[in-house]
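Chains as they are written, first to last, in my numbering: chain A, 4 to 594; chain B, 548 to 1130.
Only true hints are included.
Here are the simulated distance ranges between beta carbons:
(1) 568(A) <-> 1104(B): 40 to 50 Å
(2) 571(A) <-> 1057(B): 26 to 36 Å
(3) 707(B) <-> 148(A): 30 to 40 Å
(4) 900(B) <-> 125(A): 47 to 57 Å
(5) 479(A) <-> 933(B): 25 to 35 Å
(6) 1003(B) <-> 568(A): 21 to 31 Å
(7) 812(B) <-> 36(A): 43 to 53 Å
Think of the hints as simulated: they come from the structure by calculation, not from any bench. This structure is a prediction, so every number in the text was calculated from the model and none was measured. For every residue, glycine included, the Cβ atom is placed at its ideal position computed from N, Cα and C.
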Amino acid sequence: MRKENKKGRSTGKVIKSFARFLISIKKYRFWIMLSIILAIGSAVLGIFIPKILGDMTNIAIDTYPNIDFDAIISKVWLVVGLFVGSATLNYAQAYILTVVSAKYTRELRNQIIDKISRLPIAYFDRNKYGDTLSRMTNDIDVMTTSLSQEVTDVSLSLSILVGVTIIMLTISVPLSLVSFVVVPISVLVVGKIMGHAQKYFVERQNTLGALNSIIEEDYAGQNIIKSNSHENISIESFNDTNFKLGKITMKAQFLSTLSMPVTHIFTNLGYIAVVILGGIFAIQGKLTIGALQAFIQYVSRFNRPITEIASTTSTMQSLLASSERIFEFLNEPEEEPDPEPAKTIEKIKGEVEFHNVNFGYFEDKPIIKNFSVKVKPGMNVAIVGPTGAGKTTLINLLMRFYDPTSGYITIDGVPTKEMKRADVRKLFGMVLQDTWLFNGTVEENLRYGNQSATLGDIMRATKASNVYHVIEALPKTYHSEISEDSDNISAGEKQLITIARAMVANPPMMILDEATSNVDTRTEQLIQDSFEKLTHGRTSFVIAHRLSTIRNSDLILVVRDGNIVEQGNHEELLKAGGFYAELYNSQFSDN
Amino acid sequence: MFRLFKFLKPYWWMVVILIIATGGQVFATLQLPALMADIINNGIVTENTDYIWQTGLSMILIALASAACSLLASFMSAKVGANFARDVRKAIYEKTLSLNIVDIKNYSTASLINRTTNDVNQVQEVTMMMLSVMLLAPMFCIISLIMAFRTAPDMTWIIAVGIVAIMTSVIIIMSLVLPKFKIFQKLIDKITLLTRENLTGLRVIRAFNNEGLEKRKFEKTNDELTKLSIFLDKILKLEGPLVNIIFNGLTLLCSYIGISLLNKDFSYLGNMSAFAQYVTFVMMSFLMMSIMFVMLPRANVCAGRINEVLKINSKIKWQSQTKGVPDKVASVEFRKVDFRYPGAEEKVLDNISFTAKVGESTAFIGSTGSGKSTLINLIPRFYEATSGDILINGINIKDYSKDDLMQKIGLVPQRGVLFAGTVKSNIMFGAPNATDEQVKKAAEIAQAANFIEKLPGGYNAHISQGGTNVSGGQKQRLSIARAICKNPDIFIFDDSFSALDMKTDAKLRAALKPITDDMVVLIVAQRINTIKDADQIIVLDNGKIVGKGKHKELLAKCKTYQEIVKSQLSDKEFAKEMRSVNA
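The shape of chain B in the complex, shown without the other chains (with noise of 0.2 Å):
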C-alpha cells in the first residue's frame, strides 16, 4: 500500500497544504468547547454581557475560519485522490502494454483488467480516506486531549477509561468478524459463480431438464450465505449500541465528577462540558482510526495486486535501433531453436531449424501440445527462445529494433480480434497511412469486401467494442485485411483459418497467392486442405520436427503426416491421395 504512495510525489505541495488545512480545521474546531465554557464561566456567572458578546463573536470568525480551512481540505484531497488514481491506472496500463505473454502468462486478462480499474479504485478510496482520517484523527485525538487537559486536568483520567472500552469493543468484535469475512466473500463469489452458470449453460440446463437440479444446487449455497451473513451481522450490529453506552457513559461519568469537583473549583461548572465535548472528540477519532484499520487489510491486497502487474520485469529487452541491415529480401531462418517455459523441465520445442524463403508458403501442423503456435510466437517476440537464434532477412531478431521488428511482421491470430472504430480504422491499424485503395484492396483479397460493402455505412461502418457486431468469420476475415494492408515481408497465419468455412478459405488462398511473391507465408493449420498446397510443409510432434517436405513427399515417408490425413478424409478418399503418392 505504501509503496503506491510514491505515485503522490508530484502532488506534495497539494498533500503539504492538505495537512496545513487540516490541521487548521481542526485548531479552530476545538477552540469552540473552550470558548463556550469561557462565556459560561466569565460570562453568565459574573453576568458580563459585553463578554459573551465579545466572545461570541470571535467564535464566529473562528466557525468561519475553520469553514475555509475545511473547504480548502476537501478541494485538495479530491483533486489528490483523483490525480493519483489516474497516474495509477496510467501506470499500470502502461505497464501491461509493454509486456509479453510469456510476461503475463500467470495472469487472466479479467484479473489484469480488474487490477487496472477495481483495484485502483479501491486504493483511491483508502487513501482518500487516510489523507483525510489519518491526518484529522490524530491531530483531532491530539489537541483534544491537550484542550481537555487544560480544561479539566483532575479529569483526564476519565479519557483513559473511554479509549480502553472503546479499543476493546472494537477488538472483539473485530477479531469475532473477520475471520469469517473470508468465508463469506467466498460465498458470494459461488453465488456469482452458479448465476454465471445457469446464464452459460442455459441451452444445456434446459436440454437436460435439469433446472430443477440447478435451483437446489444455488439454494443451499444461498441458504449457507444467508445463514452466515445473519451471524455477521448480529455481531457487527452490536457496535452501534456499544458505542453509544461508552459515550453515554463518559458524558454522565463527565457530569458526576464535575459535579463533585465543584466544591474545589467553581469553574468545573463550565469546564465539565467542554470537556465532556472534548471527550467525544478524542472517542470519535479513535472510532475513526479503527475502522481505517479495518479498510486498511482490504485495501492492501488491491495494492498489492496493483504491485504485483507494475514489479514486472519483461524479460524480453529491445535494441532502441536495429544493429546492421537486413536484407531487402524477405527470409525467415531458425537454428537449433529450443524454448522452455520458465521454471519449466520439458522442452516445448526441441532443436527447430529450418529456412522459410521469399514467395514461398511454409505450413506448420501438429497435434495440440505439438508447439506448433509457440514456433509461430517466437518470431514477434511474444515469446523468447531459450536457445538457439531466429533470423529474419538475415538478421537476429534480437538484433532489431521493437518497431523495425514489428513493421515486417503481419500476424493474423487465432482469434479474430477487433477494436472499436470503422472497419477502415481496423484495417488500417497496422497501416496509418494506407489510401483507400489499397484499404479496399485488402478487404477484397481478404475476402470481406462483399459484407462490409453490405454494411451501413460500408467502410465507416461503425465496429463496436471487441467487434461484437460482426460474426466470428467476419472479424477473422477483417483481421487478415489488416495483416494485407500493412504489406508486411512475413505473413504468420495462427491457425486463422479455421474460422471460416472450408470454400471461404480456399477462396481466400488463391486471392492471397498473387501477392505474397515478394514475401514469407507462415501458416499454422488443423485442415489438410488448407496446406496441401503449401511450398514446405513442417510436422511437428511433441516440440520436434518430425517431418519436413511437400505434401506428397510427407505422405509417402511421414508417420505422423499420414495419421493427420487419414484422420481427415474418409476411406476411400484416402486410399486415393496414397495412390497418386504412389504414381
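Bound conformation, chain A alone (with noise of 0.2 Å):
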C-alpha cells in the first residue's frame, strides 16, 4: 500500500518536471517543430528504398531473360534521389537540434551562475559546493547530450515504426502480424532486465561513492597511516569495498549487455518465421520474390526503431533526473530583494550602530541575544574569543550577508536593511583568513575593488601593504597569473594581496580577519604593519588575535559560544574580571 503511494508521488514528480522541462524549451518551439518535421520527412523518403529495390527485382524477373534494364535504371535513380533526399533532411533537422540545444544550455549556464549571484549566502553554508558544482557540469552535460540525441532519435525512431508497419502491412499482412507478435515479447523481457541492471546501476553508483570516500581520505592521511603503521586494516577495508563493488558492477553491466543477445534472439525468430513463411506464401504464388525481399529488409528496419525507444527511456529518465536537479536549483528562494526606493549615505562618517540585535543561523537556535553597541566613527574594535566562538556572525550581519532576526543595525544612523545590498557593502573592504584570489592576472586582481584604478594606484597600495616586492620578483610581474591554489606565492603572500585589493578599493570602513596560521613571523610582521595602515582613521572591526591589536583598540567585542558576553576597553574588561580576564591572563600572562 505504502509502496502503492511511493511510486504514485514520484510519478507525479516524473510529469511536474518534464512539464517544467518543456515549459524552459518553449522558446525555441518553431525550431523543435521544425526538426521533428524533417526527421519525419527524412523518414518517410527512406521508407520506400527497400520496396523500390524489391520492385526492381521483380521487373527482373518478369522480364527475364530480356530485362528491362531501362525501368529499373529509372528505378536506380529514384532511389538515389530518395536517400539523398532522406539523408539531406536528415543533416538539416540534427543540424537545427544542434544549435537549439547549444543555445539552450548556454542559457540555463548562464541561469546557474546568475542565480549564484541571487541566492542567499545562508544557501551555501547549507550545501556543499561540489553539490552546485556538479549541477553545472555533469547534470548540463547530460541535457546537452541527450536533449539534441533523444529528438532525433524519438522522431526518427517513430517515424520509420509507422511508415514501416503500414509498407509491411501493404505487401503482406499475415507476415506483417507475425513480425509485429515478437515485437512486445521482446520489448518485455528487455524492460524487465533493463529494470534489474537500473537497480544494480544505482548500487555500484552508490559503492563507487563510497569507495571514492576511502581513497580521497586515505590518500589525504597518507603520513598517518603510515606512521601509525596502519596500511594493512586500510587496505583491508579499501579492499572490501572494492570487491563489492567489482562485484555489482560486473552484475551492472552483465545485465545491461544481456538487453543484445535477447533482443537479437527475438529478432532472429522473427526474421526466420518471415522467411519460412514469405518464401511458403511465394512458392503459393501469393507473393513475389521481389516483394519477399523487400518485406526481409523491412523487417530489420523495424527492429531498429523498437530498440533505439526502448533505449530512450532510459536516457529519458537520466534527462529528467538532471533536469529536475538544475530546475531545483533554479527555484531555490533567493534573497529578498532590495528595499524600494532605498535609502543612500551620502557622505559616510562611519558611525555604526546595532539597535537591539537578535539572530541565529536556525530559527531554534538564537545566537546573538539583544545585542546593542554603539561604535563612534574612526573606532577600532577588536572581536575576540575562543575558536568556535562564533566570531564571524557579526561580519555576516554588518555586510548583510545574513539579516537579524530581529533589532536592526545602522551606519550613520541609516538602517542599512533600507539601503541597497550592495550600497551597504560598498562600504566596507573585507581582508579575510581564506585568501581567495581569482585565476587571472595580479593586476587584475588587484582592480578586483576597483575597476578603474590606474597602476600609479595599485603601485601604491601594493608599497603600502608591504607586497610590492613580492611582485616585481614575479617573472611577469603584474601580469604574472596567480589563482587561489597557485604555487608561486605563499600563503602570506597571497594574504598581502587581498589587503593591496582592499586598498586599492579604498573604503570608508574595514572588516578584518587576522588570523594568519601557517605564515612565517616576518611575513606575519609585515600583514600586521599593512593593518594597521589599513585601519588607521578608518572604522573597522577586527577579528583580533594578537594582543597588541587588542590592547589598542577602542573597544573589544567578547564572543562566547556565539554570545557577545562582554564589551568595553582593554582595561575595563580585565577590572571587570570576567571570561575576558581569564582568557587574557591564560594566554598572556607568565602565571
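Hints in hand, dock the two standalone chains.
Encoded structure:
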C-alpha cells in the first residue's frame, strides 16, 4: 500500500519535472517542431527504398531473360534521389537541433551563474559547493547530449516505425502479424532486464561513491596511516569495498549487455519465421520474390527503431533527473529584493550602531541575543573569543550576508536594511583569513574592488601593503597569472595581496580577520604593519588574535559560544574580572 | 594502454572463452543470410516446401546457438571487465599508500584520486569495448568477406568501394574534429573553474559587489564554448547521414549488379540480398573499429596516467628486520644532515646536527622555507636525508624496519587529519590494543575529553569522512590524542598548536608535561609562547641552524630569534623580555 503511494508520488514528480522541462524549451518550439517535421520527412523518404529495390527485382524476374534495363535504371535513380533526399533532411534537422541545444544549454549555464549571485549566503553555508558545481557540469552535460539525441531519435524512430508498419501491411498482412508478435515479447523481456540492471547501476554508483570517499580520505591522510603502521587495516577496508564494487559492476554490466543477445534472439526468430512463411507464400504465388526480399529488409528496419525507443526511455530518465536537479536549484528562494526606493548615505562618517539585534542561523537556536553597541566614527573594534565561538557572525550581519531576526543595524543613523545590499557592502573593505584570489593576473586581482584604479593607485597600494617587492620579483610582475591554489606565491603573500586589493578599493570602513596561521613570522609582521595602515582613521572591525591589536583597540567585543558576553576596552574588561580577564590571563601572562 | 593488459593475465581463460564464444556467435549469425539465399534459390524457385521447412529449422537452431554464445560472451566480458578494473584500482591504491611524500610530491591528491577512480573507469570501459568490438568486428569482417565471396564472387569489388567510402568519410570528419576537441575540453574545464570560483569566492565577490563582473566573465567563456560546440556538432552530425548514403548506395549497387548478372546465373536472385546483408556487416564492423580508434587515444591518456603512478619506484628502502638493538632510552640525534629535493640545486637543510634527549623538549622555529617542517619529516623517513645520519635510540633510521621505526614515533601533523569511524577508533588509530581507560586518558591530556563527552554517543560518536563534522580545533585535539594514545618514544608536533587558541594551547602543554618524562618531544611552532619553555630551541634560517639554546640565551645572542620575538610582542613587552634577560 505504502509502496504504491510512493510510486504514485514519484510518477507525479516525473510529470512535473517533465512539464517544467517543456516550459523551459518553449522558446525553441518552432525550431524543434521544424526539426521533427524534417525528421519525419527524412524517415518517410527512406522507407520507400526497400520497396523500390523489391520492385527492381520483380521487373527483372518478370522480363527475364530480356531484362528491361531502362525501367530498372529509372528505379535506380529514384532510389538515389530518395536516399540523398532523406540524408539531406536528416542533416538539416540534426543541424537545427545542434544549434538549439547548444543555445539552450548556454542559457541554462548563464541562469545558474546568475542564480548563484542571487541566492542568500545561507544557501551555500548549508549546501556543499560540490553539489552546485556538479549541477553546472555533470547535469548540464547530460542535458546537452541527450536533448539533441533524444529529439532526433524519438522522432526518427517513431516515424520509421509508423511508416514501416504501413508498408509491411500493404505487402503482406499475415507476414506483418508474424513480425509484430515478436516485438512486444522482446520489449517486455528487455524492459524487465533493464529494470534489474538499473537497480544494480544505482547500487554501483553508491558503492563507487563510498570507495571514492575511502580513497580520498586515505590519500589525504597518508602520513598518518604510515606513521601509525595502519596500512594493512586500510588496505583491508579498501579491498572490502573494492571487492563489493567489482561484484556489483559485474552484475550491472552483465544485465545491461544482456539486452543485446535477448533482442537478437527475438529478432532472429521473427526474421526466420518471415523467411519460412514468406517462402511458402511465394511458392503458393501469394507473394512475389521481390516483395519477399523487400519485406525481409523492412523487418530489420522495423526492429531497429523499437530497440532505439526502448533505450531512449533510460536516457530520458537521466535527462529528467538532471533537469530536475537544475530546476530545483533555479527555483531555490532568492535573497529578499532590495528595498525600493533605497536609502543612501551621501557623505559617510562611519558611525555603526547595533540596535537590540537578535540572530540565529537556525530559528530555534538564537546566537546573538538583544545585542546593542554604538561604534563611533574612526573607532577600532576588536572581536575576541576562543576558536569556533562565532566571531564571524557579526561580520555576516554587518555585510548583510545574513539579516538579523529582529533589531537592526544603522550606519550613520541609516538602517542598513533600508539600503541596497550593494551600497552597504561598498562601505566596507574586507580582508578574510581565506585568501580568495581568482584565476587571472595579479593586476586584475588587485583591481577587483575598483576597476577604474590606475596602475599608480595599484602600486601605491602594493607598497603600503608590503607586497610591492614580492610582485616585482615575479617573472611577469603585475601580469603574472595567479589563483587560489597557485603555488608561485606563499599563503602570506596571498594575504598581502588581498590587503592590497582592499586598499585599492579604498572603502570608508574595514573588516579584517587577523588569523594568519601557516604564515612565517616575518611575513606576519608585514601583514600586521599593513593592517595598521589599513585601519588607521577608519571605522574598523577586526577579528583579533594579536595582543597588541586587542590592547590598542577602542572597543573589545568578547564572544563566547556565539554570544557577545562582554564589551568595553582592555582596562575596563580586565577590571571586571570576567571571561575576558580569564582568557587574557591564561593566554598572555606568564602565570 | 597495452601495458595494463597484464592485469588481464589471471583471467586469461575467461578471455579465451570470450573469444571462442564471440567467434561462435559471429559464425552462427553469418550463416543466416546464406541459408536465406538457399531458401530463395532452392526452395522458392524450385517450389520445394519441405526444403524451406528443413532449412528454416536449421536456421532456428543456429539462431539459438548464436544467442547462447552471445550470452556466454556477455557474461565473460562483464566478469573480466569488472575484475580487471578492481585489480587495477587495488594496484594503484596499494602503490600510492606504499609511496612516500617525496615520491609523489609532484602529484596533487586530487589527481591521484582521479587516477584511482575516473581513469580506471575509462580504461575499463575501453577494455570491455576492445574485448567485444576488437574481437567481434574483425571476425565479423573477415567471415562476412569470406561468405560474401562465396555467395557472389563477381560482386566482391562492391565491398572495396564501400570500405574506401566509409574510411574516407570517417577520416575526414575526425581530422576536422579531433584537433578542436582539446580546445573544447579546455573550455569545459574553464567553465568548471569559473563556477568553482564563483562558489568559493562568494563572500568576496559580494563584498566587492562584483557579481556583474563575474557574470560577464562567465558569459564570455560560455559563448566561446557554445560556438565551438556548435561547430563540432555540425561536423560530427554529418557522419550519420553520410553513412546512411553509403549504406543505401551499396545496397542499391548490389541489387543493380545482381540483376544485371541474372542472365549469367539465375542464382544471383537469392544471392544478391544475402550479399547485400554481408556488405552491411562488413561496413558495420569497419564503423565499429573506427569508433574504437576514436576512443583509444582518450583511454590511452588515462592508461598513461595510471602507469605513471604504478611505475614510480619508492626512493626509500626499508629493512625487513631492524639491524641491531635500539637503546631502551629514547633519543634523537642528527649528524651533519643535508637535504635537497631530487634534482634541485639548493639545499633545504644544510649541515644540521643536534641531539634531543629523553625527558626534554626541543623546539624548532624559523620563517617559512627555513626547513623546519622538512627537518621533522626526515625522522619518519617521509623524506630521505641527502647526506648525514639520523639516529633514533642510538640506531640509524635506515637500519630500522618500517614498523619498528614508526612504532617509536607519535606524529601530529599541521592539519588535523581524521578518518571515518568513531571518536574512539580515531584515537586508537595507532594503538589498536588500547584500553578504554587509555583512550580516555589520552583525550583528557589532549583537552578533547570535554567536547567528546558532549557529542551524541561520546567516545562512540560518529566521525564522518575526513572528520568534517568536528571543528578544526577539535580535529587537531583528536589527532593529538591519537598520538598520545600510541605512547611513543618520540613525539613530533609539526606546527600542531596553531589551530588551537592560546588558552587551549597553554593548557595542553601543561597536561603533556607529566607524561613526557620518558619521551623526546620535538615541536615545530610559529608562536613564541608555545616554545618559550622548551629545554632546547633550535632557530633555523634558510636551512641552517643559526641559534641553539634556551629562550633567554637566544634572546641575548641570536639576532634571528630576537626578530621573531619582536614581531610577536608589543614594544613594551619586548622591552620587558629583554630586561629579564639582562637581569
